[in-house]
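Number of protein chains: 2
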Amino acid sequence: MSKVRVHNFAISLDGFGTGAGQAPDAPFGHAGERLHEWMFATRFWGEMTGAQGGGSGADHAFAAMHGPGIGAEIMGAGKFGPPGWQDDPGYRGWWGPNPPFHTPTFVLTHRPRPAIEMEGGTTFHFLDASPAEALATAREAAGGQDVRLGGGPSVIRDFLAEGLVDHMHVVQVPILLGRGVRLWDGLESLEDTYDIEAVSTPSGVTHLTFTNKRL
Amino acid sequence: MSKVRVHNFAISLDGFGTGAGQAPDAPFGHAGERLHEWMFATRFWGEMTGAQGGGSGADHAFAAMHGPGIGAEIMGAGKFGPPGWQDDPGYRGWWGPNPPFHTPTFVLTHRPRPAIEMEGGTTFHFLDASPAEALATAREAAGGQDVRLGGGPSVIRDFLAEGLVDHMHVVQVPILLGRGVRLWDGLESLEDTYDIEAVSTPSGVTHLTFTNKRL
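Chain order of the listed sequences is A and B.
Quick note: the numbering used here has the first sequence finishing at residue 362, numbered continuously throughout.
Quick note: the numbering used here has the second sequence finishing at residue 362, numbered continuously throughout.
Just chain A, with the same shape it has in the complex:
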């Protein structure tokens, strides 16, 4: 069966995956871009954005696993747009005309709307569904490939709590945000379900990988 994978999900040392105060010009709230500077410095990012350049070390190796083998993504409403985007019927997401997903992408929202086809293979579909229902739909759309769970933190937490995640890559960035949305709440004993590896890299981040023990 196809896998459910989380990639490049960044958190602060105190566990926040999003800062406080998410807004149109601040997708990660007061965290700004600080959770992702490690990724902007990789060759993966240079190639994806056309900017070229970037390092080829461990941070790149982890980051580059984002795309291969993925046939669909599931994301929370907060990854599609800022609070209140549901009130704008013409809103097309804060990812620009050619979003970096390139597959069917399922946005979880209690106020679904018709699908939006973007450039580059991304089509946004809107679902009001439980994690298991959303996964069944995304898996169907993925045509045998894996499903990427894109975040944010509360969506990943919900899927973890239901045991639906197979591989998870979390990147711990050495900053303390103090406020925002925490990834780890309510996940006591997650280590019983996952083999966990940690590796720190010269950029200062620590990559944490979780592999479901049933695999």
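Check each hint, because a few of them may be wrong.
What the hints assert, rightly or not - Across the chosen pairs, the derived CB separations fall in these ranges:
| no. | chain 1 | residue 1 | chain 2 | residue 2 | range |
| --- | --- | --- | --- | --- | --- |
| 1 | A | P261 | B | E184 | 51 to 57 Å |
| 2 | A | A198 | B | G204 | 38 to 44 Å |
| 3 | B | A170 | A | D332 | 20 to 26 Å |
| 4 | A | N359 | B | N359 | 39 to 45 Å |
| 5 | B | R361 | A | P229 | 34 to 40 Å |
| 6 | A | A198 | B | S277 | 47 to 53 Å |
| 7 | A | E184 | B | P247 | 37 to 43 Å |
| 8 | B | G197 | A | E184 | 45 to 51 Å |
| 9 | B | G200 | A | G290 | 52 to 58 Å |
| 10 | B | P247 | A | G290 | 43 to 49 Å |
| 11 | B | G204 | A | P259 | 52 to 58 Å |
| 12 | A | G214 | B | S336 | 29 to 35 Å |
As the list claims (entries may be wrong) - Sample of chain A residues at the chain B side, in silico, Cβ under 7 Å:
| no. | residue |
| --- | --- |
| 13 | W331 |
| 14 | L334 |
| 15 | L337 |
| 16 | I343 |
| 17 | A345 |
| 18 | V346 |
| 19 | P349 |
Hints listed in this document are in silico derivations from the structure and should not be mistaken for laboratory results.
As the structure is a prediction and not an experimental result, all values here were calculated from the model.
We treat Cβ as the ideally placed atom computed from N, Cα and C, and that holds for glycine.
Could you slot chain B onto chain A? The hints should help.
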């Protein structure tokens, strides 16, 4: 001036330095010994306990910095004994007759009592004092050597919030406790004050070191 140092302070991935339900037979509550297994496996621990054996790698190197150069320790009431120890006038702490501190050791409590002299150089003094006041007292007792801040999490947090910590060594253990006392609450932007290094080791833990930028 002598430094204030934190050593071997272990937390879970979700940031808890103590589990829930601290009790006479459970100094770390439901965490049990899981936060410290990495340390029990080091030569440092083998030598300290007389059990001998243990690894000599990075975990040992970090752990062994606990003793040298320290002239006094400050600890919270919860590191001296379980909740309610203040009600027992004969209580001598849960560290046995020869506690592993070997210096004057200052226990912060709102109900101070006369000092207790133990074997091996540890004398417990009891202080009802602010962090800065306690530090002045401990520094005096340390005779020019450094002061170790022994925890628990809320004591370390209080000293960090007042900018009193020079070096801090935190060990992140790959378990999720879900409940207990968190280290990181209310410490937004700690990275502005400290240079932070992370290094993961083969045992699976990640050592985080904080060096005050004013040093």
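*Taking the beta carbons of A/G214 and B/S336, is their distance inside 29 to 35 Å?*
About 34 Å separates the Cβ atoms of A/G214 and B/S336, which means 29 to 35 Å holds.
_B/P247 and A/E184 - C-beta distance against the hinted 37 to 43 Å_ = 41 Å, holds
_Between the beta carbons of B/G197 and A/E184, is the distance compatible with 45 to 51 Å?_
47 Å, holds
_Let's test the interface hint: is any C-beta of chain B closer than 7 Å to that of A/L334?_
5 Å, holds
_Under 7 Å is the threshold here; is the Cβ of A/I343 close enough to any Cβ of chain B for the hint to stand?_
Given a least distance of 4 Å, the restraint on A/I343 holds.
_Tell me if the beta carbons of B/G204 and A/P259 are separated by a distance inside 52 to 58 Å._
54 Å, holds
*Starting from the range 20 to 26 Å, see whether the pair B/A170 and A/D332 falls in it by beta-carbon distance.*
25 Å, holds
*asked:* For the hint 43 to 49 Å, verify it against the beta carbon of B/P247 and that of A/G290.
replied: 60 Å, violated
_Distance restraint hint 39 to 45 Å, applied to the beta-carbon atoms of A/N359 and B/N359_ = 40 Å, holds
*Lying within 51 to 57 Å: is that true of the beta-carbon distance A/P261 to B/E184?*
Given a distance of about 54 Å, which is inside 51 to 57 Å, the answer is holds.
*Do the Cβ positions of B/G200 and A/G290 conform to the proposed distance bound of 52 to 58 Å?*
55 Å, holds
_Given a hint of 38 to 44 Å, does the C-beta separation of A/A198 and B/G204 actually sit inside it?_
Given range 38 to 44 Å: holds, Cβ gap about 40 Å.
In summary, the numbered hints that this structure violates are 10, 19.
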